[in-house]
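Trainee: Spelled out, the chains give:
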Amino acid sequence: MTEQTPALRLEGIVKTFPGVRALDNVSFSVMPGEVHALMGENGAGKSTLMKVLGGIYQPEEGRIVVGEESVVMTSPLEAKSKGIVFIHQELSLAEELSVAENIYLGELPRKRFGLVDWDRLYAQTDEILQKLKVGFDARTRVGDLSIANQQMVEIARALTVDAKAVIFDEPTASLTDAEKVVLFDVIADLQSHGVGIIYISHRMEEIFKITDRISVLRDGQYRGTLTTAETNEDEVTQLMIGRKLDLRRNVSHHELGGVAIEVRNLSCGDLFHDVSFKVRRGEVVGFYGLVGAGRTEIAETLFGLREPSAGTILLDGEETVIHSPIDAIAKGISLVPEDRKGQGLVLGMNCRDNMTLPQIDDLKAGPFVAEGSEIAIFDQYRDRLDIRTPGWKQQVGNLSGGNQQKIVIGKWLSMHPNVLIVDEPTRGIDVGSKSEIHNLIRELAAQGYAVIVISSEMPEVLHVSDRIVAMYSGRIMCTFTSEEVTEDNLIQAISGITTDTAA
Amino acid sequence: MSNISGNQMGGFGSLKEEAMTRLSKSSIGGFLARQGILVAFAFFIIGFTIANERFLDPDNIMGVVRSSAILGVMALGVTFVVISGNLDLSVGSMMSFSTIVVLDLHDKIGPTLAIPAMFAMTLCLGAIIGFLVGYLKLNSLIVTLGMLSAIHGLTLTYSGGKNMDISDKEGTWFGVFGQGDLLGIPVPILLFALLAAFLGMVLAKTPFGRKVYAVGGNGVAATFSGIPRARVVFTCYLMSALCVATAGLIQASRSLGSQNTVGQGLELEVLAAVILGGASLLGGSGTIFKTVIGVLILGFIQNGLLLVGLQFYVQYVVTWIIIILAVWLDIAAKRGKLWSQIA
Chain Y
35 MTEQTPALRL EGIVKTFPGV RALDNVSFSV MPGEVHALMG ENGAGKSTLM
85 KVLGGIYQPE EGRIVVGEES VVMTSPLEAK SKGIVFIHQE LSLAEELSVA
135 ENIYLGELPR KRFGLVDWDR LYAQTDEILQ KLKVGFDART RVGDLSIANQ
185 QMVEIARALT VDAKAVIFDE PTASLTDAEK VVLFDVIADL QSHGVGIIYI
235 SHRMEEIFKI TDRISVLRDG QYRGTLTTAE TNEDEVTQLM IGRKLDLRRN
285 VSHHELGGVA IEVRNLSCGD LFHDVSFKVR RGEVVGFYGL VGAGRTEIAE
335 TLFGLREPSA GTILLDGEET VIHSPIDAIA KGISLVPEDR KGQGLVLGMN
385 CRDNMTLPQI DDLKAGPFVA EGSEIAIFDQ YRDRLDIRTP GWKQQVGNLS
435 GGNQQKIVIG KWLSMHPNVL IVDEPTRGID VGSKSEIHNL IRELAAQGYA
485 VIVISSEMPE VLHVSDRIVA MYSGRIMCTF TSEEVTEDNL IQAISGITTD
535 TAA
Chain W
7 MSNISGNQMG GFGSLKEEAM TRLSKSSIGG FLARQGILVA FAFFIIGFTI
57 ANERFLDPDN IMGVVRSSAI LGVMALGVTF VVISGNLDLS VGSMMSFSTI
107 VVLDLHDKIG PTLAIPAMFA MTLCLGAIIG FLVGYLKLNS LIVTLGMLSA
157 IHGLTLTYSG GKNMDISDKE GTWFGVFGQG DLLGIPVPIL LFALLAAFLG
207 MVLAKTPFGR KVYAVGGNGV AATFSGIPRA RVVFTCYLMS ALCVATAGLI
257 QASRSLGSQN TVGQGLELEV LAAVILGGAS LLGGSGTIFK TVIGVLILGF
307 IQNGLLLVGL QFYVQYVVTW IIIILAVWLD IAAKRGKLWS QIA
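These protein sequences, in sequence, are chains Y and W.
If you're matching positions, the first sequence starts at 35 in the numbering used here and goes up one per residue.
If you're matching positions, the second sequence starts at 7 in the numbering used here and goes up one per residue.
Isolated chain Y, as found in the complex (with noise of 0.2 Å):
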C-alpha cells in the first residue's frame, strides 16, 4: 500500500464537559476515495465528534487536518469551506421551495441589479440532478418529494461544493431497500471522484456491503479501525459493546392460543386494499414491505386512527368496529407507534407520567392521581424491562432512544392488551438495545401476548417472527413461516414480483 494523505486526518481529540470527558482522544483518518464507518452505541461520541468535525464545538486538544492543511474549526460555515459536508439523518430542507433553490440557497446565480438568474439556477441544477440519476427536476417542490428524494436533494447539494470528505449520519434510517441500491451507487460514485467518506450507521448489513474501513468509538474512547474485508460482525459489535451479540432467525415457537384478531378484506381508501390476517396468541406475526407498502396504515387502522373503507375487523371471534385510539385500548389493543418522538412520547414529561398516560384515568385516590400506585408502575415496568434511567422523574426527552422506546413499549405492556401491534420497534436505537427488545417480543409471545410486528428491516423480521407477512403497494403478496421464509423469496415479495400466496 502506497503512503498517501488522508481526505481528513483528526489527531488526539479532546473535548470535555463539566464531569465528562466526551472525546478522549480520538484519532482515525478517512483516505480520498474511501468509505470509512464510524460507529458505536448511542453517547459513545459519535455525534460529539461530528459536532468537533463541524465547527460546533471546539475541542480543546488535538488538531483537524484536511488534506495536508491543518484547520480550526469555527463554524459550520468553515467547515463547509474547507470541503467537509455533512449529509444529516433528519433533513433540513426548506419545502416549500424548489430542488434548485435548496441547492444553491444563499448563492443563487444572479443577473444584473441582484436578480435571481433562474435559467441558469435551474440549467446547473439538473446537471447535478443527472448526475444522481434522480427521477425528478429542478423546479419540483421539494415538499412533494419522497424522503429518499429528499435526501438525494442534501446530496446534491453537497456535491455543489469541492467536497474533500462528505460524512453520512444515519442516512439510511428511513429509506426503502431499492432507495438504499440509489444512495449506495451514489457514495460509489463518490468514490470514485476520490471523496473521502465518513459513514455512521448502526446497520450491520449496510455497514459490510459499502464500507473499507469501520473505526469504533466506545465511552468517549477511540477502541481500534478494522479493516472491513477482514472482519465480521462480531468482531465490530465486540468492540462496540464489549459482549456477543445474538442475531439469528427466530426458531422458537410457543404454544398458540385462539385467534385474538382477525382482519377480512379490510380496505382504505389507496392505502391497502383486502387484507387478511390472523393473529394467535403467543404468535409474532411480522408485516414486512417497503415504505409507503401500507403497513403503517393498517396498524392505525386496527388503533382506530383511521377508517377503514371495507373490511371486518374481529376480536377473539367478534365482529368489532374500532372508532378511536379510546376505543382500541379499550378492546385491548395497543400500538407502540413509529415515531417515538413524535406519537410515542411526550418528551417534556417524566418518565413515570409517560408510562401510566392511557390509564390516568384508571389511576385515582378519589380525584385524586394515585401517585404511589404510578410508581409502583413504573418501578415493575422497569425492572421488567431494564429501563436504565436514574429515575422516574426524569424527563424522557433525556433518555436514549432505546430507553425511550422502552418506557413506551412500558407504557403498552402495563395496559395488558391482547394484541400489541410494534410499529419499526427499534428504528434508530443501538444495536443492545435492539437484541433486548427483540428478546423482550419473543418473551410477550410466550406469555401469550398476540404481537404484530411491523419492520423495514429483514434481520429483525426474521428474527422475531413465527409468520411473515410480505406487503407490496397495499396489498398482502405472501405469507411465510419462519421456516420456509429465504431472503430472496422475501425480497421477490416485497418487490412485487411473485403473487403466489401462501396460506
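Any given hint could be a false lead.
[Said to hold, decoys possible] 30 Å max Cα-Cα, derived DSS-like pairs, lysine-lysine:
#, chain 1, residue 1, chain 2, residue 2
1, W, 175, W, 114
2, Y, 375, W, 211
3, W, 296, Y, 375
Just so you know, these hints were derived from the structure itself, not from any lab.
Since the structure of chain Y is already known, use the hints to place chain W on it.
Mentor: Below, chain W without anything else, positioned relative to chain Y:
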C-alpha cells in the same frame, strides 16, 4: 445554506450527552437565562425601594395583591389554555361582557339569579371557543383574536353602548365580592386564593391536569395514548371562561357600575403574567403557583412604576417590555444561552 444545527446533530440523545449539555449551561449566561426573571425582579424591587420607601409598606403590598386579584383570577384560567398549547386573547373583552351582563341582570332579575345567568352565558362563549379550537382544530390565535372583537361587539350591542350602573347601590348585597372582607381579608383576594388553590390541585393532582400537560407537550403522542385531545382543549377553554366570569363578578361588584371597555387590554397583561410565571407558549409547561408569582411580579412592577412617579400609561409600554423579556428568556433557558447562532 449551512444547516448544521445542534438539534440535527444531536440525533443520538443519550443520557450522557444530555448530561453534558445540561452541565455546560452552568455559565453566567446560562444562569441569567434560567433565573433571569427573578434577577430582573430583584433589581426592580431594590430600585423601587430606594426610590420610594413606601413600596415595601404592608398596606402598599396588600393593595397590590388586592388590585392584582382580577388579573390573577383570569390568569389562572389562561394558564390551563397555555399549558394545553393554545392561546386565549379573548379574556379581556369576555370580562367586559361578564361585567356588563351581571350589572344589567342585577336590576332585572336580582343578584341571586343574575350571577348564575352571567356564569352560564360566559361559559357558552368559552364553549364556542373550545369547540372551534378543540374539535375543529382551528388556530387558537385567530379564533380568540376574532372573539376578542366579536365579544366586544356583543357587549356593545347588549348595552346599547351605554355604561351600565346598578340603580340602588346602597340597598344591594352584591358589593360583597368586590368590596367585602372576611376575617380581615378582602374577598377578591380570598376568591383569588381559593380559586388558585382549587385549580392548582386540578392541574397538579388530577388525571385531567396530567392530560392538559400531555396534550400541550405533544398532542400527537397524547392522541396515540388514547387521550381525547379535543375534549381536553375544550375543557381548558371552559376553565378559562369560568375564571373570566369570576373576574367579571369581582369587577362588577367592586364598582357596582361599569364601562363597556373595562377589560380592554387585560388579555395582554394576563398573558404577560402567565409567561412571566414560566409557562411556555409552546405548551406543556407551567404551573398555577408560577402563574400566581407572575401575577404578583407584574403587579409589583406596575405599582412600583406609579410610586416612582411615572404616568399610569407607561405601564402599557412596560408590560410589553416584560412580555418580550419573558419570551426571550424562555427560549434562552431552553438552549442555555442568551444568544445563539444556531436555533
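Trainee: Is the straight-line distance between the alpha-carbon of residue 296(W) and that of residue 375(Y) 30 Å or less?
Mentor: Holds: residue 296(W) and residue 375(Y) sit about 28 Å apart, inside 30 Å.
Trainee: Do the alpha carbons of residue 175(W) and residue 114(W) lie within 30 Å of each other, as the hint requires?
Mentor: holds (14 Å)
Trainee: Can you confirm whether the C-alpha distance between residue 375(Y) and residue 211(W) stays at or below 30 Å?
Mentor: holds (25 Å)
This entry satisfies every hint, going by the numbered hints stated previously.
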